[in-house]
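Enquirer: Spelled out from the first residue to the last, the chains are:
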Amino acid sequence: MALSVAPADAVLLDDALSEELLRLTDGAAAPCFQCGACTATCPWGLVSGEGLSVRKLMRRAQLGLAHENGAVWLCTTCAACEARCPRGVPISRVMVALRQAAWQHRHVPAGLNALMWGMYWDGNPWGRPPSQRSIWARGLEVPAFGPTSEILYYVGCTASYDQRMQKIARALAGIFRAAGVEYGTLGDREPCCGEAAHNLGQAGYVRQVVAANERLFAEAGVGTIVALSPHCYDMFRNRYFLDGHPGGWRPLHYSEYLAELIAAGRLTFEQPLAMRVTYHDPCYLGRRNGLYEAPREVLRAIPGLELVEMEESRAEALCCGGGGGRMWQETAAGQRFADLRVAQARATGAEVLVTTCPHCIACLEDSAKLGGGAPLRVVDVAEVVAAALGVSTARPAAREMAR
Amino acid sequence: MNAMRTPHIAVCLKVVPRPEEVKVNLETRTLDRANARQQFNPPDVNALEFALALREKHVGRVSVLSMGPPFFAEYLKLALAVGADTAYLLSDRAFGGADTLPTSYTLARGIAKLGDCDLVVCGEESSDGATAQVPPGIAEWLGMAQVTYGSDLEILPERWRLKARRELKGGHEVITVPLPAVVSVRVGANEPRFIDFARLTGEPLGVTVWSAADLGVDPAMVGLSGSATVVAGVDRAETVERRRELLTGTPEEKARTLVERIAVYLARGTRPDGAAASSPAAHA
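Taken in order, these protein sequences are the chains called A and B. Those letters in the first sequence? Residues 4 to 406, by our numbering. Those letters in the second sequence? Residues 136 to 419, by our numbering.
What the hints contain is simulated information worked out from the structure, not anything from laboratory work. The model shown is predicted, which means the values in this text are computed figures rather than measured ones. One should not assume that every hint holds.
[What the hints assert, rightly or not] Part of the chain A face toward chain B, derived, beta carbon under 10 Å:
hint: 1; residue: W106
hint: 2; residue: A113
hint: 3; residue: A117
hint: 4; residue: Q135
hint: 5; residue: G177
hint: 6; residue: G207
hint: 7; residue: V209
hint: 8; residue: T271
hint: 9; residue: P275
hint: 10; residue: M278
[To be verified] Here are the in silico distance ranges between beta carbons for each label pair:
hint: 11; chain 1: A; residue 1: S51; chain 2: B; residue 2: T383; range: 24 to 32 Å
hint: 12; chain 1: B; residue 1: T383; chain 2: A; residue 2: R303; range: 35 to 43 Å
hint: 13; chain 1: B; residue 1: V322; chain 2: A; residue 2: S134; range: 20 to 28 Å
hint: 14; chain 1: A; residue 1: R303; chain 2: B; residue 2: E156; range: 45 to 53 Å
hint: 15; chain 1: B; residue 1: P205; chain 2: A; residue 2: N241; range: 48 to 56 Å
hint: 16; chain 1: A; residue 1: P89; chain 2: B; residue 2: V309; range: 33 to 41 Å
hint: 17; chain 1: A; residue 1: S134; chain 2: B; residue 2: F206; range: 49 to 57 Å
hint: 18; chain 1: A; residue 1: R141; chain 2: B; residue 2: M356; range: 32 to 40 Å
hint: 19; chain 1: B; residue 1: T364; chain 2: A; residue 2: N72; range: 37 to 45 Å
hint: 20; chain 1: A; residue 1: A147; chain 2: B; residue 2: T383; range: 31 to 39 Å
hint: 21; chain 1: A; residue 1: E153; chain 2: B; residue 2: D220; range: 48 to 56 Å
hint: 22; chain 1: B; residue 1: D220; chain 2: A; residue 2: R380; range: 37 to 45 Å
Ideal placement from N, C-alpha and C gives every residue a C-beta, glycine not left out.
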């Protein structure tokens, strides 16, 4: 009866949800004092009139209000807001926790349940069989990881299955060979790191994936793992072996590893590669893990290559739009951050836009092709390095790729 | 008068090998599924989703049933974690080697043992058997109304009938049948909710196992001995090597070459294999 005094349109706080969100976010939203720097920084403001009110989502997380309008699924977890937040709120962590709650209340965009089932049955988000995981390596002699391997080369789902990204996987294998690195892969046994499930708020599932993978890596004797994608790297660095690893867990992004090889004199460039390039910082390498210099060091080591910076780079870099599970959702034309990023790249006068992330390449390449304007090639640092070394990334003819 | 009645919905779930992992043993000419990964038969998950959505609307209960070896129990736990209330595994050596006749009989006996089942939801067919005979078979054994290839389901509580939409070539039909009824649903008719891992890793999930004796089935009517079909022979269809050719040149050149190649056959009215381009076979 006491509630009857509230007007019909009053927003009632749900204590149970409030406690649930407090538990899921670990109280991470609590320090937010609602200044709105996050909303002002969010790239959604650049592509849609309304933008994404990150501030409001943080307030709702503090109060325990449900999120039924789907806003929580727009976040690319690019962390641009976190770089500006005066209170140091781990905003993307709160977003992921809000998604976790949204799963429990079944406010999930169409397609994500199917994506999760696909990951569960296939062990990758691309709906492809594990038995075809090493198809990227056809025609190359890629060694299996063993006791003498210096590193485990972790290719990841996207570069294993996506035809465009397979070129990066092949380039990197060629570079390791050229540098005389004793590397190995897990072949068809390579598991998915679980990144898509993590950022889409499937914490319970991710715990199972991580536990199984930790067992696999430990049993295989993996210590140094070199990941092709910054997304897998972020998982390995921040969510694996948090309780320690018997032999020392050393997750690296390949750009870090190539920088190490160059510094050690194991990877050297003889021929100049005349090319004017600009470098796009992937959010999961840069802002999220502080790796800004390694890919640039690799590019600068190539004689003849000219590196120019975009208007926004390093911590200021604009997201491609493919992170935080956005890769698995459709973004309407006209709302793609990558369109803006490609325009920034063109403005530098560079002929090539270089980055180090399969998701970034997918988004940027689409925008570069669809946008019109001066031709702009979008390639991975590994592809540039392979070109400088004269390593071919071409796939064998279709008949050799076919099973 | 049935407005307050809540339905007890049974869902038949099959665990099937991943199609790409099944190899044919060329000597014995049998399917080698020993190392194949398993999954739920895809339309069965759509069936489960329909049942859970109906439960959300009408309250009631959802029971999942499967006939198979003991390892199926782990999969039934997944179905419980997705949201089913109870799970039953019909498992007995005597059930082995069953074709669709004893399979539908055994499942029907399991459903009958539940006692108060109002609706049985099945997938349209299994990905490994692909006969689509089991759902109608269950309806026959139980004397229930049946609907096949449903793409949307509704329970009409006042009339205690099932309303189902069926996709047909060139259109659809909406029919109602009295409950209890058996309905099979199209693969992809809905987007099944994912496993709730809090449920999967929380309180232990129990699966009830029923043997042939528990079901009180006639031994002559289950498994291999109850099967009406016998695989008398399997033969190998030789594949034909395709005359593949990779065109070279710029995209424009390749397109031009392709048009030139096709134009020859269009002019002649024949296909490269000599068949008339307008014959029905050309459209097969």
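Enquirer: Which hint numbers does the structure go against, in order from smallest to largest?
Expert: 5, 8, 9, 10, 11, 15, 16, 17, 18, 19 and 22
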